[in-house]
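Each step along the sequence shown adds one to the number in this note's numbering, with nothing skipped, and position 393 is 393.
To be clear, the hints were calculated from the coordinates, so they are not data collected in a lab.
Some clues are possibly wrong.
To be verified - In the BS3-like style, the derived pairs of lysine-lysine whose C-alpha atoms are separated by at most 30 Å in a straight line are:
1. Lys338 with Lys287
2. Lys535 with Lys270
3. Lys613 with Lys265
Stated by the list, open to error - So the derived label-pair ranges between C-beta atoms look like this:
4. Leu353 with Thr156: 43 to 53 Å
5. Glu388 with Gln462: 24 to 34 Å
6. Glu356 with Asn155: 44 to 54 Å
From the three backbone atoms N, C-alpha and C, an ideal C-beta is built for every residue, glycine too.
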Amino acid sequence: LTMEMKDSGSVVLTAYHPHSPARIPGMEQSFVQDMPPSHSPTSRSLSRCRRINRMLSNESAPPAFSRSNSQASMDSTSMEDFWCEVESIKESTADGSEEAMFLEFKPADEGELEAEWLQDVGLSTLISGAEEEDGQALLSTLTRTQAAAVQKRYNTYTQTLRKKNKHTVRDVRDIFGTSDSSPTFETVPVSPVSSNGIQLPGQKPVWKSVSSKSCLDCGIDKGSPSITEELSYEVSFSESITVLPKTQEWPKNQRFKKEDSALPKFIVRKSRFGLTEVGDLSAEDMKKIHYLSLIELTAFYDALGVELKRNRVERVRGRENGLFGVPLTVLLENDQKKVPGIKVPLIFQKLLLKLEETGLETEGILRVPGSASRVKNLHQELEAKFYEDTFDWDQVRNNDAAGLLKMFIRELPSPLFTVEYLPAFITLVEKISKIKLQLQALHLLIMLMPEANRDTAKAFLQFLKKVVANEGKNKMNLWNVSMIVAPNLFIYKGKRANQQEMQAAATTAHIVRLLIRYQDILWTVPSFLIFQVRKMNEAAMNNSKRQLMFDKGVRKLLRRKTMERERPERPEGAVTFPPYLQSDIPEGVIRVYAPLHSKVSMAIQLNSQTKAKDILARFHCENSRGSSQNVKGQIQSLHEIGGNIGQHCLDPDAFMLDVYRANPQAEWVIKPKAS
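Could you build all of it, start to finish, from the sequences and the hints given here?
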């Protein structure tokens with residue numbers, strides 16, 4: 001049985017639900033049994049692919065597997081590509097070309113999940129009972145729905161603790177400052193920022209008219225009948241969800257519509273603060289983004305009435321040297337000894353480069369498998385010669401390079417998109433119907449990824465976007481690529497996957513499609529999270545100042561008499577001005593430093609229309625008159641450093657007066673943007 005469901009953009013989704021009892025027996029019999037080793041897809045393998053696909057799609061007649069140069073033959077509506085790729089993966093594992101790595105899952109005792117969640121969001125202070133400044137600062141920035149999510153987990157944790165230990169724990173009302181069982185939260189309203197940088201509670205975003213260059217335009221090509229929808233980063237996702245009917249039931253079966261035009265076209269308008277990419281913030285601020293993203297994702301799922309599940313995995317230590325089967329962090333540590341600051345493993349970069357240079361126009365690239373024996377030999381040769389720079393890349397055929405790329409991803413000890421949040425990825429397809437809400441959940445999941453995983457995933461998705469862009473020659477459209485890539489990303493190594501797990505994995509093809517199509521949106525940090533980081537830093541600074549004043553109090557008392565003797569008499573009527581009034585820089589004027597330019601600093605008067613790119617242009621003009629060679633060939637950006645932010649590479653279109661008013665204590669430095 002198939003149920004169709006349309007979101008606000010008239011998008012029809014199709015998928016195969018794991019709880020389809022009529023299909024499970026056939027699937028168990030045809031797919032789960034072991035397959036004999038094979039070096040290439042045999043007629044038996046292809047026949048089984050057809051059989052598996054019919055059982056999952058409930059088709060009465062087998063789909064045509066033969067491929068031609070016509071787009072119609074490549075544009076199959078079935079999941080055939082997905083299951084044939086799964087079959088190929090099984091065969092490559094069975095013949096020993098890939099090492100078997102297993103992940104052990106830990107059972108969770110009652111209350112442990114909540115305790116781990118509180119630790120993961122930076123609120124371990126609620127468990128330990130310590131009065132830590134970071135935890136207090138974080139709590140002070142939460143929105144209403146975020147605070148409710150924290151309180152719900154803390155309530156569950158404390159109730160469990162009372163049952164187990166029967167001793168006193170901190171009452172939730174002490175944490176949130178409430179006086180009864182139906183608390184009202186003292187939380188920060190994350191609302192749009194007005195033009196003067198002051199937060200206006202409850203104000204709806206007012207977007208100025210902008211050109212196409214002033215927004216992120218993610219969707220299908222112009223001229224398509226797809227509906228265009230605007231996304232807002234100014235308001236918390238969980239706060240913007242309307243109340244869902246209690247009687248609403250999620251469809252038990254969905255059908256994904258394969259056409260690229262089925263995906264809506266989303267536009268993210270730039271606010272006056274511009275847009276911020278993941279790499280534009282300091283590591284310390286990104287850690288806070290991680291805390292806030294997990295709280296926001298939990299609040300988002302709570303608002304939708306969906307349970308956010310996470311896997312508890314016993315970490316398996318991978319190899320500490322080599323190329324394949326090595327944790328990303330270890331690979332990067334080894335590679336950074338050769339190339340300091342590198343963010344994506346060298347072997348992964350080289351495989352992508354090889355395919356981009358010679359394989360983008362190869363018909364069936366990624367789908368058509370290379371020779372298993374050649375791939376195995378190349379794998380062994382790479383392990384021996386890659387770091388010696390003696391490996392001959394000219395000998396590598398395009399399909400074999402694609403096979404090595406997919407093997408690298410599959411052999412990672414921890415999957416690229418992390419085992420921990422795999423249930424959340426699956427849930428966003430199975431339980432959330434609207435594409436916009438799926439995209440928002442996916443956005444927060446990307447913010448939660450470890451830095452090495454997120455950077456590597458970004459490089460991979462950029463490559464996949466190029467593959468789709470060459471669809472006219474390689475016959476691989478967005479749907480085809482998603483079908484092939486999904487099992488390599490989301491079928492992780494562990495105990496033998498059962499029927500429900502395999503069918504759930506099939507739904508991830510839709511996730512891959514969203515990742516490829518909307519990657520420019522997904523790697524942008526939502527503005528409301530940056531605003532919360534600013535508030536969190538301000539709260540921490542205020543706490544530190546108060547503590548510093550308290551610590552100095554005793555010393556001041558002890559030294560007061562000595563200081564009075566040494567201090568000269570103050571003339572009658574003299575006034576002492578605070579430091580910010582003693583400054584020679586008037587309001588609305590910033591001093592910008594450019595250490596690599598011939599003119600190293602400049603005072604700039606800001607007005608309501610001054611943008612970051614205008615300041616860069618001023619320095620570029622001055623630098624062109626000088627003799628400095630330091631900045632030639634480098635992309636320079638204006639950075640906001642200090643104050644209520646660690647370090648922030650500003651969008652060229654950011655209006656500087658607004659940024660200045662949001663962070664008047666910052667320093668402004670022009671330097672190369674981190675790659």
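Here is how each hint holds up against the structure:
1. Lys338 with Lys287: 27 Å, holds
2. Lys535 with Lys270: 21 Å, holds
3. Lys613 with Lys265: 28 Å, holds
4. Leu353 with Thr156: 43 to 53 Å: 49 Å, holds
5. Glu388 with Gln462: 24 to 34 Å: 28 Å, holds
6. Glu356 with Asn155: 44 to 54 Å: 52 Å, holds
The structure shown violates none of the earlier numbered hints.
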